[in-house]
Structure formats: structure tokens, C-alpha cells
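S.K.: Those sequence lines, one after another, are chains F and V. For the first sequence, our numbering gives the first residue as 1252, with consecutive numbering after it. For the second sequence, our numbering gives the first residue as -11, with consecutive numbering after it.
Everything labelled a hint here was simulated from the structure, so no lab data went into it. Check before you lean on any hint, since a few could be wrong.
[Said to hold, decoys possible] Here are the simulated lysine-lysine pairs, PhoX-like style, with alpha carbons at most 25 Å apart:
hint : chain 1 : residue 1 : chain 2 : residue 2
1    : F       : Lys1311   : V       : Lys82
2    : F       : Lys1626   : V       : Lys145
3    : V       : Lys22     : F       : Lys1506
4    : V       : Lys82     : F       : Lys1607
5    : F       : Lys1551   : F       : Lys1346
6    : F       : Lys1311   : F       : Lys1504
7    : V       : Lys88     : F       : Lys1346
8    : V       : Lys81     : F       : Lys1607
9    : F       : Lys1504   : V       : Lys88
10   : F       : Lys1506   : V       : Lys82
11   : V       : Lys88     : F       : Lys1551
12   : V       : Lys88     : F       : Lys1607
13   : F       : Lys1607   : V       : Lys2
14   : V       : Lys81     : V       : Lys2
None of the values given here were measured: they were computed from a predicted structure.
Here is how the chains run, residue by residue.
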Amino acid sequence: MAHLTSTPVLEPVQDRTMILNMGPQHPSTHGVLRVLLEIDGETVVRIMPDIGYLHTGIEKTCEAKFYQQVVPLTDRIDYLCPMTNNLCYALAVEKLLGLEIPPKAQWLRVLLNELTRINSHLVWLGTHAMDIGALTVFLYCFREREDILRLFEAVSGQRMMTSYFRIGGVALEPPLGFFERVREFANRFPSKVDEYENLLTGNPIWVMRTKGVARISAEDAIALGASGPTLRGSGVDIDLRRDMPYSGYENFKFKVPIAQEGDVFARYICRVQELRESIAIVQQTLDGMPEGPIKADAPKVVLPDREKMKTQMEALIYHFKIITEGFAVPAGEVYQAVESPRGEMGYYVVSDGTAKPYRVHMRSACLANLQLLPKMCEGRLIADVVAAIGSIDIVLGEIDR
Amino acid sequence: MPLAPAITDLEQLKEHPAIACLRAWNSAAVAGAKFDREEISIFIERSAIREACALLRDDPACPFNYLSDVTCVDWYPSEPRFEVIYHLLSIPKKERVRLKVRLGNDSPALESVTAVWPSANYFEREVFDLFGIHFTGHPYLRRIQMPENWEGHPLRKDYPVEGYR
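So here's chain F without its partners, still in its complex pose (with noise of 0.2 Å):
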């Protein structure tokens, strides 16, 4: 983060080009971004992202935690996906422990992880296309959205920042008719999609805003460290979903959209290809969806159930000791990515063989993608900026931590 009262980030070349500086409290840069501009009457010459005023230390709290206290910090960096963070930071610590995670837990784990990723992308679609100008398109999102945030809440009990997962499986059973109104979603919302499509793909507007606007190569953007959608749209076809499965991913058929252009408009495609997409997986989940337990069978890692707590001593002192003492997880690291709906989150944790983790680092897409950013619209107009950063979907929570 720049002072704001020191030296200016960035200086004009020449005389002909002013400064002008976009943000941080701008309603078109999604959060805190506050972006510096040097322009040449309307096209810009040279922009840089200036990040970090978001930035609260999580890395540094998680030391501070057992290593169970460390979920709901997760939820706090990407406030879009919270299931997609706790998942990763799950699936790393489970990894380090050696876990194996009952097949209905990684089956419900998928499910609401799908349906973080089409509520992400619905917050997405919606800010996006009101950055360009299609103000409609934004209460069709959140409509559909708010859906979505019943299903978690009904689940979890949390709308937003759910916690659902938890090191070892998912923390409740899911209530009564929970499956059946996932159901009933499922069913609607492709007909959702369509009105969406409808809206904006045929959309002159919208296609002439989109279409060659801040293009990037597959080289460029491998070369700047873009993932998900982003790098996608740029006609590289990886999906960590299907690449390098975790959780029970490889039971599962889905395409992976691809698009070749690598302008706002490849990426906006994909990403609407992805919601049909998910909301595929969900229906397969809710058709296969196994009998059992939703925890590891791990007593000395996992909370016991209340009722087993109140009569049994054994999971009593469990209990007791999970809560006060927290558990040992052996020396080591790992490195485990997901794939986000922004791109690929890593979670990097390192153990020395206590009950706190030692070092917990995310790699947030979003940093990453913002990279792109100057290569997206140097030399392009002040308008297409604004179409840039929507197209490459940040979000600050997750860049500055």
C-alpha cells in the first residue's frame, strides 16, 4: 500500500499525460483497489494497481490458532466463496493428518462447494455487467443469489461466512427436506441462466463493450501467473477440478469451458458456461449421493456428536481435550489448490508438530490475476479499464488478507 502522502507511486513521463488515480472507494473497482493512472486525454499510457488496504494479518492470526480455529478466518479472505476456503484449508490439514474423509462428507463437500461457485459467479455477473452499464442484469443475479444464501443458511446456519466444513468432514447433518429445496434450484436455475444469456450475449451493447477489449495471449497470461476463468478465456485448457481431482471430483462428468478469444467477452462466456456447468455436478450429486457418516472417523481430531457427549465419558474427555487442548498434527507441509471460482487457491501449511500450524499461507488467484491487469489496458481507453477489472473478477479480501 502506497502513503498516500509520500512520494507519488507514479510520476508522468511526459507533459502531455496527467495522472489520475481511481479509487480506493470507487463503486467500479469491487472493493478497496485503488488504481493509478497516467493518461493521454482518454487512453491510457500506464496504470498500476496499488493493493493492501484491505490487508488485516490473517496469515499471522492463523499462527496464533488451534489449528480448528483457523475455519472461520478462512471464510473472512474470500467472502464470495467461503465454502471454497474452507474446503482448501480442510483438505490441507486432512492431508497433514492423514485423513480419510467418509464418502458422503467429500459428496456434500462438492454439492455446496458447486454452489459457492455459482453464487460467486452470480455476484460476479451482476457487478460486472452494471460496471458496463446493464443495471438489470444485477437484480436477476441477486434474485437467484439470495436462493442460494437460504440453502447455505438452512445448512450451516450462516448465510455468508458458513464455517460448514470442518477438518475431518462437514460440521451438521444437513435438516430435514434440505436435498429436495437443492433439488427444486437445480431445476429452475438453467432457465435462470438463459434469461441472463439473454440479456447480454446478443446484447449489441454489451458485445461491442466485451468483444476485443483487453486481450491477452496464452503466453502472456500463463507468463503472469492467471488461473480459473481467466486463464481459460485465453484458450488454456486446465481445470484443477478434473486435472488433479480432490474431493471426489473424479466421480464426476463435466465439461470445462474454454474460450479462445482471451477478451472480456471469452471470459464472461466462460464463466456462464461454468454455471451450467456446476449446476450439472449438482444434479449429479444429489443423484448419487451416499449413505453414511459425515465425519472421520478420527475420535482424537474430530468433535464428538452432543448426544454421544453427554452420555459416553470417552467422548466427553475427547471433547474437553479437543476444545481446550486442540490436536497435535505431525510435522510436515503441504501445498493443496482448488480450484476457486476465481482460479487456483492454494493453501500452504506448515506444521511443526504441535497444535498450532506453524505457518498457513493462502495463494489467492486474485492476486495473481490482477497482474494482468496493466498488460489488459495500457494503451486502451479509460472505459475499458473498468471493463478489465470486472472481467477478471477480484475480490480484496482475498489479495490483501
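We have chain F; now place chain V onto it with these hints.
M.R.: Just chain V now, with coordinates in the frame of chain F:
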């Protein structure tokens, strides 16, 4: 599933494509290796990191063409204190490898890999900001998360977590 013990013997791991590639180039650059929990870590000598990265990126057998992440771990008070960690991904082969460079406490510095992957820019700035490790040859090594006039490096283990600054 019980955890398998880690393999730390370099001779046992020499078949791994990344290790084979690096040892064929300069066996002195590889200081050690570890295979633990299905993940491979290679310890690289400090002076060789940029060339090792460039070599792995262009290796025709298994090109690790994508830099996922750069981070650091502070092992204070033991020495060498810092470990700078690079996570590499091979998009064609879907493989991962972790490179590690150990650094001592007095003025920790190593060569930047921004010339190999421009994506290292923000990652290295973050490591510089939060750990105080200098990357020589970095195009714009300034604080990224903390304010410019901040003192100290918060993710170091000897940074106070409470009290007045």
C-alpha cells in the same frame, strides 16, 4: 491411511524428472530433496535459483511452465533462518514441484525470478514486505500490503504480536 515416512535420500529420488533435470545441469545446485505426503520438495542453492527456475520452465520432458506461488517460512531462532518457497506447476503434465532456498539471518537476499516468470512480481514483493527478504534484480521492490512507512516485517516470528509498537 497412516502416513508414510518422508523420503529424504537424494539417491532414491533421482528418478523424479525435476531432480534429474537439475542434476544433469549442475549437481552442486541441488542441496537435497524430500518426498513427503505425495509432494516433492527440492532444496536449491541460493545462487542457482534463477537459473534452476529457467531450466525447469524450459525442460522439454516435463516443463514446469507455471509459477503458482512464492512464499517464505521463518524458522527463528534456528539457522539458516528463512526458507523461500516456490511452488511450480506443469500445465501440460499436471505435476507440481516445490523449490526451497535456505537463507541466513544477516541481510537475507537472493536473485529474483521475475525474469523467468513476470508473475513472481507481486509474490516477491509480498515476501519482501512481510519477511524483509531482498530480491536482487526485481523491477519494483516496494512494500505491497503494509503502508510504505511501516517499520518491521510482520510475518517474522520475532515480530511482536501485542503491545505498543
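S.K.: When you check the alpha-carbon spacing of Lys1311 of chain F and Lys82 of chain V, does it fall within 25 Å?
M.R.: 31 Å, violated
S.K.: What's the verdict on Lys81 of chain V and Lys2 of chain V, does the C-alpha distance respect the 25 Å limit or exceed it?
M.R.: 18 Å, holds
S.K.: Taking 25 Å as the top limit, are the C-alpha atoms of Lys1506 of chain F and Lys82 of chain V close enough?
M.R.: 18 Å, holds
S.K.: Against the 25 Å threshold, does the CA-CA distance of Lys88 of chain V and Lys1551 of chain F hold or violate the hint?
M.R.: Violated, at roughly 33 Å.
S.K.: Check whether the Cα positions of Lys88 of chain V and Lys1607 of chain F lie no farther apart than 25 Å.
M.R.: Between Lys88 of chain V and Lys1607 of chain F the Cα gap is close to 23 Å, so the pair holds against 25 Å.
S.K.: Take the C-alpha atoms of Lys1504 of chain F and Lys88 of chain V, compute the straight-line distance between them, and say whether it is at most 25 Å.
M.R.: The hint is violated at about 37 Å.
S.K.: Going straight from one Cα to the other, do Lys1551 of chain F and Lys1346 of chain F come out at no more than 25 Å?
M.R.: This hinted pair holds, its Cα atoms lying about 16 Å apart.
S.K.: Taken at face value, is the distance from the CA of Lys1504 of chain F to the CA of Lys1311 of chain F at most 25 Å?
M.R.: Between Lys1311 of chain F and Lys1504 of chain F the Cα gap is close to 39 Å, so the pair fails against 25 Å, i.e. violated.
S.K.: Given the hinted pair Lys1607 of chain F and Lys2 of chain V, is their Cα-Cα distance within 25 Å?
M.R.: Violated, at roughly 34 Å.
S.K.: Given the hint that Lys82 of chain V pairs with Lys1607 of chain F, does the C-alpha gap stay at or below 25 Å?
M.R.: Violated, at about 31 Å.
S.K.: Regarding the pair Lys1626 of chain F and Lys145 of chain V, is the alpha-carbon distance no greater than 25 Å?
M.R.: Violated - the C-alpha atoms of Lys145 of chain V and Lys1626 of chain F are around 37 Å apart, more than 25 Å.
S.K.: Between Lys81 of chain V and Lys1607 of chain F, is the straight-line Cα distance small enough, at 25 Å or below?
M.R.: 35 Å, violated
When the structure is compared with the earlier hints, violations turn up for hints 1, 2, 3, 4, 6, 8, 9, 11 and 13 and for no others.
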